[in-house]
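Colleague: What follows is each chain in one-letter form.
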Amino acid sequence: MSATASAETVDLVAASVRELNQRLHDAASGGPTGWRVSNPNGAHALAAGLDAEMDVEIDGHTGYYCAGMNKLATVRVRGNVGVGVAENMMSGTVIVDGDASQSAGATGRGGLLVIKGSASARCGISMKGIDIVVHGNIGHAGAFLAQKGNLVVCGDAGPGLGDSIYEARLYVRGSAAELGADCIEKEMRDEHVTDLRALLERAESDADPSDFRRYGSARQLYTFDVDNAGSY
Amino acid sequence: MCGIAGLFSKSSETEERLGAHLSAMLGQLADRGPDSAGVAIYRDPAPSGSVKVSLFSEEPDYPWNRLEGELAESFGTVTEPERIATHALFTVEGEGEQVQRWLAGEHPELRVMSVGEHIEIYKEMGDPRQFVKEFGLETVSASHALGHTRMATESRVTTEHSHPFSTGLDLCLVHNGSLSNHNRLRVELRRQGIEFQTDNDSEVAAGYLTWRLQQGEDLETALNGCLEDLDGFYTFAVGTADGFAVLRDPIACKPAVMAESDDWVAMASEYRAIAELPGADEAELWEPEPGRVYHWARAKVA
Numbered sequence: 001m002s003a004t005a006s007a008e009t010v011d012l013v014a015a016s017v018r019e020l021n022q023r024l025h026d027a028a029s030g031g032p033t034g035w036r037v038s039n040p041n042g043a044h045a046l047a048a049g050l051d052a053e054m055d056v057e058i059d060g061h062t063g064y065y066c067a068g069m070n071k072l073a074t075v076r077v078r079g080n081v082g083v084g085v086a087e088n089m090m091s092g093t094v095i096v097d098g099d100a101s102q103s104a105g106a107t108g109r110g111g112l113l114v115i116k117g118s119a120s121a122r123c124g125i126s127m128k129g130i131d132i133v134v135h136g137n138i139g140h141a142g143a144f145l146a147q148k149g150n151l152v153v154c155g156d157a158g159p160g161l162g163d164s165i166y167e168a169r170l171y172v173r174g175s176a177a178e179l180g181a182d183c184i185e186k187e188m189r190d191e192h193v194t195d196l197r198a199l200l201e202r203a204e205s206d207a208d209p210s211d212f213r214r215y216g217s218a219r220q221l222y223t224f225d226v227d228n229a230g231s232y
Numbered sequence: 233m234c235g236i237a238g239l240f241s242k243s244s245e246t247e248e249r250l251g252a253h254l255s256a257m258l259g260q261l262a263d264r265g266p267d268s269a270g271v272a273i274y275r276d277p278a279p280s281g282s283v284k285v286s287l288f289s290e291e292p293d294y295p296w297n298r299l300e301g302e303l304a305e306s307f308g309t310v311t312e313p314e315r316i317a318t319h320a321l322f323t324v325e326g327e328g329e330q331v332q333r334w335l336a337g338e339h340p341e342l343r344v345m346s347v348g349e350h351i352e353i354y355k356e357m358g359d360p361r362q363f364v365k366e367f368g369l370e371t372v373s374a375s376h377a378l379g380h381t382r383m384a385t386e387s388r389v390t391t392e393h394s395h396p397f398s399t400g401l402d403l404c405l406v407h408n409g410s411l412s413n414h415n416r417l418r419v420e421l422r423r424q425g426i427e428f429q430t431d432n433d434s435e436v437a438a439g440y441l442t443w444r445l446q447q448g449e450d451l452e453t454a455l456n457g458c459l460e461d462l463d464g465f466y467t468f469a470v471g472t473a474d475g476f477a478v479l480r481d482p483i484a485c486k487p488a489v490m491a492e493s494d495d496w497v498a499m500a501s502e503y504r505a506i507a508e509l510p511g512a513d514e515a516e517l518w519e520p521e522p523g524r525v526y527h528w529a530r531a532k533v534a
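Just so you know, the protein sequences line up as chains X and Y, in that order. To convert, note that position 104 of the first sequence is 104 in my numbering; the numbers rise steadily by one, no gaps. Heads up, my numbering is the position in the second sequence plus 232, with the first residue counted as 1.
No lab work stands behind these hints, which were simulated from the structure alone. No residue lacks a Cβ here, since even glycine has one placed at the ideal position from N, Cα and C. Do not take every clue at face value.
FRET-style restraints, in silico, Cβ to Cβ [claimed, not checked]: (1) 459(Y) to 11(X): 58 to 64 Å; (2) 9(X) to 312(Y): 43 to 49 Å; (3) 22(X) to 385(Y): 31 to 37 Å; (4) 389(Y) to 224(X): 44 to 50 Å.
Chain X side only, calculated, beta carbon under 8 Å to chain Y, not exhaustive [stated by the list, open to error]: (5) 38; (6) 42; (7) 43; (8) 61; (9) 63; (10) 102; (11) 117; (12) 121.
Put together the whole structure using the sequences plus the hints.
Modeller: Below, the structure is given as structure tokens:
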């Protein structure tokens, strides 16, 4: 699903980020469905707020909030991304060929975020239904306060994984030595292997799902105790 | 918010144009810190037995030439003051700490921005893009330099509150973040004889490093001490006579990107500042890990 050779090209040396995003938004109501963006040079909010099925390929490193709030579109970054890639994504696919900075996929509600390199701290913080597959490692506080969705880490997870997690599923192939508060290892049942296999395939990973361990909520924190429900 | 940048040349081409590169980086970081800007430039070492002194006066017509005469009476040879916007640079034959003490005693109206063989600190209020023009940074050659763009959170916007802060001879610090325990720490450091010019939190971090280094610790040990003793958010870049160091707080609240090419080593709050450098596309690029000291230094000639 990469942009075709006939894709519409926007060069950010000549065009502003606002012009780029306006053109992408306008294309939602009829226009080119294949786009290439050149010379991103770390600019913020590239291809943010898309709301149509289209392919956008960004040739280079991006700044903060790339493909934020994405809906339906497929955005591929041929480089690294800054803070908050695909933050609050609703649906669609975001693929990063390089590394991601902090808070990748933060608060995402749906869709698939793939990071071919590694992600740093707070990957999947407060995720609410997004699927995130990281081919490398993630930094500390991954899936902090995660509520729903899947976080798959093919490498190692840093300290504090899944701190104060609710119902999201975390799969880690490497080490996850220091789990966060109320996060525990859970049994890897057949249904999980099946789900994980499908996710890895979609994420262009050849990792074997049976090599992963699953982590999730022990549901022991204050918020899970029904006796506290009347306290508010 | 604030933006910080560091650039270290590995080739003569980069050294030649280091000021222009740093100016472009600060331009990209202007949105992160529109209140004031500053740089620490490491270049043109003073002759043996002399130090360079960068001074700031609020008075536009400050009698710098009279000061030159007074310095010459108290010390050895003194160069004519080089006027750089609101600052003046002298090279004074004498020992750095003595010159600093003399200036503090005789001319409390002046702010000593930096003292050292290599370092020159310049900083001022206002837009960073304007700053680099006023201070002629674009034509400067230097072996390495640090820069800062400030968005004030903890204290007022003045020249003195701007970064970099001197942390001793040839040493300085720039900071992105905010410290919570700076008041208590300032009191403790004053008791140890460290002097402060402002109520700024970052100056306390600079003073803390000065104090640790005075105890004979190396820079890496002193920076590791920050992890224990500083409470708050920080990405620090510390300039030394022969290089620079970077440290982020253990929870990595503030951003930092590092890059290395055959021609340079760079750090910045964001990649868009590094993207201004020639060959950035091809450079090795990474995010410094929290709580880990990174240090570059020019290889010493034996």
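Colleague: Against this structure, judge whether each hint is valid.
Modeller: Hint by hint, here is what the structure shows:
About 44 Å separates the C-beta atoms of residue 459(Y) and residue 11(X), a value inconsistent with the hinted range of 58 to 64 Å. Between residue 9(X) and residue 312(Y) the C-beta distance comes to about 56 Å, which lies outside the given range of 43 to 49 Å. Under the hint 31 to 37 Å, the C-beta atoms of residue 22(X) and residue 385(Y), about 33 Å apart, fit the expected range. Between residue 389(Y) and residue 224(X) the beta carbon distance is about 47 Å. The supplied range of 44 to 50 Å therefore holds.
Here the hint on residue 38(X) is broken, as its CB sits about 11 Å from the closest CB of chain Y, past 8 Å. Using the Cβ-Cβ criterion of 8 Å, the hint placing residue 42(X) at the interface with chain Y is satisfied: the shortest such distance is roughly 3 Å. Taking 8 Å as the C-beta cut-off, the interface hint given for residue 43(X) holds, the closest approach to chain Y being about 6 Å. Taking 8 Å as the C-beta contact cut-off toward chain Y, the hint placing residue 61(X) at the interface holds, the least distance being around 5 Å.
Given hint, residue 63(X) at the interface with chain Y, holds; its Cβ is 5 Å from that chain's nearest Cβ, closer than 8 Å. With a cut of 8 Å, the hint placing residue 102(X) at the interface with chain Y holds, because the nearest CB-to-CB distance is about 7 Å. Given the 8 Å rule on beta carbons, the hint for residue 117(X) is violated: about 10 Å separates it from the nearest Cβ of chain Y. A hinted interface residue such as residue 121(X) counts as satisfied when its beta carbon comes closer than 8 Å to some beta carbon of chain Y; here the least separation is about 5 Å, so the hint holds.
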